[in-house]
Amino acid sequence: MKKLINSPEEVVADSLRGMQAAYGDRLRITFDPYCVIRADAPVKGKVGIVSGGGSGHEPMHGGFVGPGMLDAACPGEVFTSPTPDQMLSATKAVDGGAGVLHIVKNYTGDVMNFEMAAEMCEGTEVETVLTNDDVAVEDSLYTAGRRGVGVTVLVEKICGAAAEQRRSLKEVAELGRRVNDRGRSMGMALSPCTTPSSGNPSFELADDEVEIGIGIHGEPGRFREKIGPASQVAERLMGPILEDLPFSSGDRVLAFVNGMGGTPLIELMVMYAEVARIAADHGLRIERNLIGNYITSLEMQGCSITLLALDDDMLACWDAPVDTPGMRWGA
Amino acid sequence: MKKLINSPEEVVADSLRGMQAAYGDRLRITFDPYCVIRADAPVKGKVGIVSGGGSGHEPMHGGFVGPGMLDAACPGEVFTSPTPDQMLSATKAVDGGAGVLHIVKNYTGDVMNFEMAAEMCEGTEVETVLTNDDVAVEDSLYTAGRRGVGVTVLVEKICGAAAEQRRSLKEVAELGRRVNDRGRSMGMALSPCTTPSSGNPSFELADDEVEIGIGIHGEPGRFREKIGPASQVAERLMGPILEDLPFSSGDRVLAFVNGMGGTPLIELMVMYAEVARIAADHGLRIERNLIGNYITSLEMQGCSITLLALDDDMLACWDAPVDTPGMRWGA
Amino acid sequence: MTAVAVNRDTTVDWMRRFAQEMAEHRQELVELDTAIGDGDHGTNMDRGMRKAMEKLAESAPGDPGAVLKTVAMALVSSVGGAAGPLYGTLLLQMGNALANRDEVDVVTFAAAWRRGLDGVVARGKAQPGDKTMVDALTPAVHALEQAHDLDGGLVEAAQAAEQGMYATTPLVARRGRASYLGERSAGHQDPGATSSYYLLRSAVAALAD
Amino acid sequence: MTAVAVNRDTTVDWMRRFAQEMAEHRQELVELDTAIGDGDHGTNMDRGMRKAMEKLAESAPGDPGAVLKTVAMALVSSVGGAAGPLYGTLLLQMGNALANRDEVDVVTFAAAWRRGLDGVVARGKAQPGDKTMVDALTPAVHALEQAHDLDGGLVEAAQAAEQGMYATTPLVARRGRASYLGERSAGHQDPGATSSYYLLRSAVAALAD
Ligand SMILES: Nc1ncnc2c1ncn2[C@@H]1O[C@H](COP(=O)(O)OP(=O)(O)O)[C@@H](O)[C@H]1O
Ligand SMILES: Nc1ncnc2c1ncn2[C@@H]1O[C@H](COP(=O)(O)OP(=O)(O)O)[C@@H](O)[C@H]1O
Ligand SMILES: [Mg+2]
Ligand SMILES: [Mg+2]
Ligand SMILES: [Mg+2]
Ligand SMILES: [Mg+2]
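Protein chains in written order, with this note's numbering: chain C, 1 to 331; chain D, 1 to 331; chain A, 1 to 209; chain G, 1 to 209.
Here chain C stands alone, though its shape is the one from the complex (with noise of 0.2 Å):
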């Protein structure tokens, strides 16, 4: 395992103490317990809007605080979902008098540990916005439900701009369920992650295979295949989300491909013709696109796919002034 670390201890204290040295005019860094949050917050009469979840997803979501998006996040250790205090803290810090949103994505985990906090929040009104945007899991009462993945980071790009406009709590949390019920994502991967605590690669590919259906923690997928081309790629993730929803021709979408931390972008860039060929297949109109790497898998090669079928809410939300280390526009 090489890594840019100091020990497998101190990584996530490092990297905010690296936010706080490269953002600390604009984020406030707490490390007992680990929270970013938004340098004016509480914001007064504005919903509070609280993500968290394991380190390793990055710019997810620590980068994602600030105007327009999160007013905090809480990172875990490397993919370990976060803790009730945690959570907590951050709430308390947003709370401008107008309840607080959750933001979490379904994994056991980050449910129980969320679901504890709310549970602590005494005082403060809590809402839930549960995202499980991911077609490769199997969605039945027999398993935990479906991973929540790309959809997390739209919908807390939306919602964010709902708050900033001082909608509901009400309102904002059904605004994020209607995103996340609208967006369905895939991803893939092309080689492993290593967490910093373990050492080891968190599976094993053989030179020529791919893995279709991965988690962001390196979850299994749906099955192995060997690497074909970029098209044949883009059609493996496409086709079971634009079955699943179902997305239908007229349809507006946002499409991300999104690079799961070690796909250089230009391999993004190629995936995103490829969506943009079979989106256009299927007469969808994409409106609105993002590509990059925003929410990862440490310096696992691959990439993940959501489609978002827009109304004009989200398109106005989505449009709105951001201003955050890992997202920022009109601002």
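Read the hints as simulated data drawn from the structure, not as lab findings. Hints should not be assumed to be uniformly reliable.
Said to hold, decoys possible - Restricting the straight-line Cα-Cα distance to at most 25 Å, the calculated cross-link-like pairs of lysine-lysine (BS3-like) are:
{"id": "1", "chain 1": "D", "residue 1": "K44", "chain 2": "D", "residue 2": "K92"}
{"id": "2", "chain 1": "C", "residue 1": "K44", "chain 2": "C", "residue 2": "K170"}
{"id": "3", "chain 1": "D", "residue 1": "K2", "chain 2": "C", "residue 2": "K2"}
{"id": "4", "chain 1": "D", "residue 1": "K2", "chain 2": "C", "residue 2": "K226"}
{"id": "5", "chain 1": "D", "residue 1": "K226", "chain 2": "C", "residue 2": "K2"}
{"id": "6", "chain 1": "D", "residue 1": "K170", "chain 2": "D", "residue 2": "K92"}
{"id": "7", "chain 1": "D", "residue 1": "K44", "chain 2": "D", "residue 2": "K170"}
{"id": "8", "chain 1": "C", "residue 1": "K170", "chain 2": "C", "residue 2": "K92"}
{"id": "9", "chain 1": "C", "residue 1": "K92", "chain 2": "C", "residue 2": "K44"}
Stated by the list, open to error - Non-contacting residues of chain D with respect to chain G, defined by C-beta distances greater than 10 Å in every case (computed):
{"id": "10", "residue": "P33"}
{"id": "11", "residue": "K92"}
{"id": "12", "residue": "R177"}
{"id": "13", "residue": "E243"}
Because the structure is a prediction, the values reported are computed rather than measured. Using N, Cα and C, we set each Cβ at its ideal position, and we do this for glycine too.
We have chain C; now place chains D, A and G with the ligands onto it with these hints.
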């Protein structure tokens, strides 16, 4: 070799197709020859800014085309400098009557191709800024001289802003040269990269080795050593940078921690914490920072550090709005 | 039988031994979790129990219930993941059941375990057979409830937990991260069931004789 | 001696053979360039000569000078890197020297080579001994200048280029990308010198007999 591409021959064309699909409203992409051009070029009365170089360093340069930065970029094949006809075509496309600045990284191929292009650009006044900020290379009559690396991104941003203010070609070029003179960089790699056409890693590193002083095409560095903590890596890079200019106590600097393409952001944040510490030890005031993948080497893991000794003019130009796929603020 | 019983000091000793087990078996738990999860269970539990031992040293709680609650809160605020809330709930509910009690007998201790297990099930919604820590804890609590004395009961409970742990191997996971694997989760022992067995084993070492 | 000489058809044949050499030795040149450069020399030259053959087919130039200029322009606009401008300049200047000439004799041909080499040196500023294509071209042009007939001259030029190519191995690079390696560039044969040898070898096959 596992890559998200259709074929080694088509990777540059396919990625440009992706850019066209994604940013076709803002960028004009030509395929014969390859150019990425601001949709509203030429901007009348504004100095046109053209950069270019081999592909594989994304988002540089195509991702930096747009208001406030480049007017056009010429992407070569992967790690191969572009050809004079591309630069000629780009230069003509962005000539708004105030002349055109060529930003050229100091590599034999880039220099010669841009030279030939400049010789062919009859009717357009052309100035050239050569970047050569890589302190890892001995600068002597008996080498090709220092390589242009991280400072190139800063020159492009700062000259882009100066050109938007309608400064003259000479002024923009002088500012660009001053940025290059006052900027220094050094990079390192944890792992090599593989060009699509060769299919083999650019070099081999043992499981516990890093290469210090690497170039952005996998050119070998100053030395190899066993990997140490991030604090040590940062010292290896900051030492030669700080000595070279030299930077002195009280200087205001821009600190740029760049990922080589395959490095997770969490590691760049850890590196930034170390850079900030070392800078503070030297009495430098970090006024601005840039952290992320901006000048990459395909999927190489590693990072580079660039320090720029800022003056007021550079600072103002840095802060000016920029609206490109790869760098965006104030717009 | 002997002088060992569930009191303040033996409960602290139990937690100390559990912390030691988590440190020693950290890598084993990481490997089990790498096979069907995300490879952090050993690191999580080790980090949590270290923190718990610090907190115990700082706050010196006065009875078994307080000891367990202190550990529970430390786990909740330092483990994260699925194991943090689950072990936190287990020990918190046991601690609540033992609040202000000392020199606890087997009936009371078994009832505390039952309350803890109920908490785990309420929090995680896993049933026996879902391939989770519940598969080690359920038979262990049952054995303790059947026991007439603490020593024998703990030994039987630990044996039941061990069997429950081994029995997770052929199962297909239906809760937690391992459920993403579907059929491919069969053939691997559950990490959480394994750490739960160590919790019982530590109890034997500290509380039985 | 024979009927073969430097005319339109033999010049086209020369370029065709060079294109073939570049295709065949593509991987070898890539490997040489991987050792001391960036691994693209084979791909670059192969891509360029394919493009040149297309252009030759399209435009059917009428004399050796025009053939070489067509190839030069194709190389300049498709090779990139260091080799594009250098081979482009070499062939462009040779083409200029041979403009509107046909059935070229050895003296004229040698002079054309000299002009090409001068162009390469003016463009790239490399001296013999810098470990570049100049190390293969310089002795080759010299041999041609000493020759009394084309056939013998070409054979000797190719031999000289080959020796020049081999002689680059111990050298420390002082130009181009390989110069970044400093002392470590010694022990590797220069890729550009190697492709230059193939250019001479193709000339022998097409123009001598
Ligand atoms: N819903 C659940 N109910 C009971 N136990 C569970 C549940 N989900 C997971 N577990 C237990 O948690 C263990 C994994 O813990 P850990 O690896 O620390 O958390 P995570 O899965 O979040 O990484 C599993 O082996 C399993 O025994
Ligand atoms: N300044 C120079 N003068 C002459 N030849 C040079 C010079 N620089 C490089 N070369 C030649 O170019 C060859 C490399 O070509 P190529 O790999 O295609 O370009 P690049 O180095 O840009 O990748 C070297 O092997 C060397 O022979
Ligand atoms: Mg985990
Ligand atoms: Mg090259
Ligand atoms: Mg786990
Ligand atoms: Mg090369």
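Going down the list of hints, with the structure as the test:
A distance of roughly 13 Å separates the Cα atoms of D/K44 and D/K92; the hinted pair therefore holds under the 25 Å criterion. Taken as a hint, the C/K44 and C/K170 pair is honoured in the structure, with Cα atoms around 17 Å apart against an allowance of 25 Å. Straight-line distance between C-alpha atoms of D/K2 and C/K2 comes to about 20 Å, which keeps the hinted pair within the 25 Å bound. Taking the CA atoms of D/K2 and C/K226, the gap is about 10 Å. The hint holds against a cut of 25 Å.
For the proposed pair D/K226 and C/K2, the alpha carbon gap of about 10 Å is at most 25 Å, so the pair holds. Note on D/K170 and D/K92: the hinted pairing holds, with a Cα-Cα distance of about 18 Å set against a maximum of 25 Å. The suggested pairing of D/K44 with D/K170 holds, with an alpha-carbon distance near 17 Å, which does not exceed 25 Å. Only pairs whose Cα atoms come within 25 Å are accepted, and C/K170 paired with C/K92 is accepted, the gap being roughly 18 Å.
With a CA separation close to 13 Å, the supplied pair C/K92 and C/K44 stays within the 25 Å bound. With a least beta-carbon separation of about 7 Å from chain G, D/P33 fails to lie farther than 10 Å from that chain, contradicting its non-interface assignment. Every beta carbon of chain G lies more than 10 Å from that of D/K92, the smallest distance being close to 15 Å; the non-interface claim holds. No Cβ of chain G comes within 10 Å of the Cβ of D/R177; the nearest lies about 21 Å off, and the non-interface call holds.
Every CB of chain G lies more than 10 Å from the CB of D/E243, the least distance being 19 Å, so the non-interface label holds.
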